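Chemist: Residue numbers (our numbering), protein chains in the order written: chain V, 1 to 387; chain H, 1 to 310.
Don't take each hint at face value.
Label pairs and their calculated CB-CB ranges [as the list claims (entries may be wrong)]: (1) V:G305 / H:A181: 22 to 30 Å; (2) V:R383 / H:A259: 24 to 32 Å; (3) H:Y155 / V:G345: 49 to 57 Å; (4) V:R383 / H:E14: 27 to 35 Å.
Read the hints as simulated data drawn from the structure, not as lab findings. Small disclaimer: the values here were computed from a predicted structure and weren't measured. No residue lacks a Cβ here, since even glycine has one placed at the ideal position from N, Cα and C.
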Amino acid sequence: MDLHYTPQQESFRREVRAWLADHVPSEPLVTLERKEGFDQHVAWERELATGNWGMVTWPVEYGGRGLDLIEWLIFEEEYWAAGAPLRANQNGIFLLGPTIMEFGTDEQKARFLAPMARGEVIWAQAWSEPGAGSDMAGIKTTAVRDGDHYVINGQKTWSSRASFADWGFGLFRTEQGSERHRGLSFLLFDLDAPGITRRPICQLHGDPGFAELFFDDVRVPVENRIAGEGDGWKVAMATAGFERGLMLRSPGRFQATAARLVSLLNQQSHRSSPGLREEVVKLWARAQAYAYNTYQVAIRIMDGGSIGAEASLNKIFWSELDRAMHRAAMHLLGPTAELRQFEDGQANDWLEGYIFSLSGPIYAGSNEIQRNITAERLLGMPRVGAG
Amino acid sequence: MDFRISSEQAELAEAVRVFLSQTHGPDVLRALDGKGGRDPAIWQGLADMGLFGLLVPEDDGGMGRSLIDGALIARECGRVCLAEPLVDTAFVAVPWLMACGETDDLAAIARGELSVQLPHSINPWVVGGEGESLAGVDPLRQLATAPSKGTDDPYLLDLGALMMAAQLVGLAEAMLEQAVAYSQVREQFGQPIGGFQAIKHKLADVAVELEFVRPVLWRAAQALEDGLQSASVHVSHAKYTAADAAYLASESAIQVYGAMGYTYEVDLHFWMKRTWALGGAWGGRSFHYRRVDAAILDGAMPIGPQHTFA
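One chain only, chain V, in its complex shape (with noise of 0.2 Å):
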């Protein structure tokens, strides 16, 4: 054990740190949840991409740089150090882009890779629903062979950035008659394809961020299948995995949100009580121990390993930190809570952090499922009653 970076690493730090300086926004984006936010953080994905910033771990050929997990960890804590914007691509490069590396063809990956990283395609991903959301085996859309197309048809919901993205991914039925994890495809599709229709939802905080996606006839090649016809299950837990494990929600994340947190209780110090101050301290120990735990994470998928049933450890504890965080937040701002600008202009950025931290043990599969997963899969309790 070592806990000290390399001169390599602290220098990849310094750079790192001197590019975004140069580059972040200096005024807040408009959130990625409204046309004209979404368009800012899509030009920002492309400014990240002109300093080749778009994911380092990828290839160079794809738009990488090549490096390795404790170099992308290293980025992030910079990233999120820098107060850089949300990332609009981060289905695409966090979630997908992993995926196809893995499962995905030469011809796939040059096609798909390089445009992700670039910021050129944002991607939204639709495994949910109406019928089947913590339950996502229940899915019904069908994905039926016509030559070299599938044809799609049915409904998908809660897809995230769907109202404004431009390709996205998702499992279908593509053996028709099957039944639960069986006879699924993992494919990929544009959202401008005809047949497809778009329904925005507004969300809690009143912007749309999610859409349902409707499918009627819609034709999609078959080189935009990812992995083999009915491997799409195994092909979306992998993709899952990186959901809940490692990528989505880096720890720097947390951290900034901790720091912030600190922050806010020194200045808010008349709003404060001993057990609210216990608490903050308690998130920021909590927010360091997420980023310890991700650093072994990445050291053990460097050794060739990889992120099992741990990944559901991983989701209930940011997710809860994250809601924690918010609501310790809301508690210090006492009565100015609930003002979306402050008298002094300023967004209200704690507000809006909460609305979105209620999310988080919702989505990438609830807390409940998670915690299903973990007495199952990692303590062997039995897979029995409602389970």
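Let chain V serve as the given structure and place chain H on it in line with the hints.
Modeler: Frame of chain V, contents of chain H only:
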């Protein structure tokens, strides 16, 4: 940057785990409970494994290993609720004696000939020793009045707190395993109770806490090994969160056992009582919480994503 328990370290811990599971099972605890809590054969077995010399320099007949190794083995001692104060002698006293340059006794300690329980002003008593014996809740932990008030040396305090945290992690892991095992065999409403989500989620919560305490423990051990200025903060972080995790594990486990958990018949009580003891030893929760609080809220330690390993 290499946040990794080496394969050599993992193998050593595994060997100790196998040895202790074979020689120090719950039956041993029950037997000791009936006859005063000591059996010289256990001490000798630990000495034969070389564990007293784990941190003693090779020149003095030891293995010259690091505090990470000590913490790894202390965790194993917690897992089996070890009856002998190996940790206090080998992983708390030895590194402190080495730091003080008091090396005369190290060879004898490494051979298992000396038990050293250092008094410290933070603890009102010591484990073992010649003093007047005190009644404690843990039947296998022999409390005695300290021969002197002891030092107030901060490094000794950090060593003690770190190694208590490591044992608390092992205790919590063992209690979780016991509760899981019981949930697999105890049937009600025609099925193992472990099939009910109420039980699954309760124990999943313990698994989550443990997953995120272990790296804090390793971080604290390495910080102390490296002599970081911030080491005390990391040790306190580990101590108070390990105590929280162990309390959670113990309360969750007794609930899963139900009325059986409230009896002396089930082994769980040994681990619960050790949790209560170690949770307060070498600084209780409030003491360690306050050290973290002071460092974080008063700006003594840089915080934020770019300072993960500050």
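Chemist: Please go over all the hints and tell whether each is borne out by the structure.
Modeler: Evaluation of the provided hints:
1. V:G305 / H:A181: 22 to 30 Å: Roughly 26 Å apart at Cβ, these two residues keep to the hinted range, so it holds.
2. V:R383 / H:A259: 24 to 32 Å: 26 Å, holds
3. H:Y155 / V:G345: 49 to 57 Å: 51 Å, holds
4. V:R383 / H:E14: 27 to 35 Å: Holds, at about 29 Å.
The structure meets every hint from the earlier list without exception.
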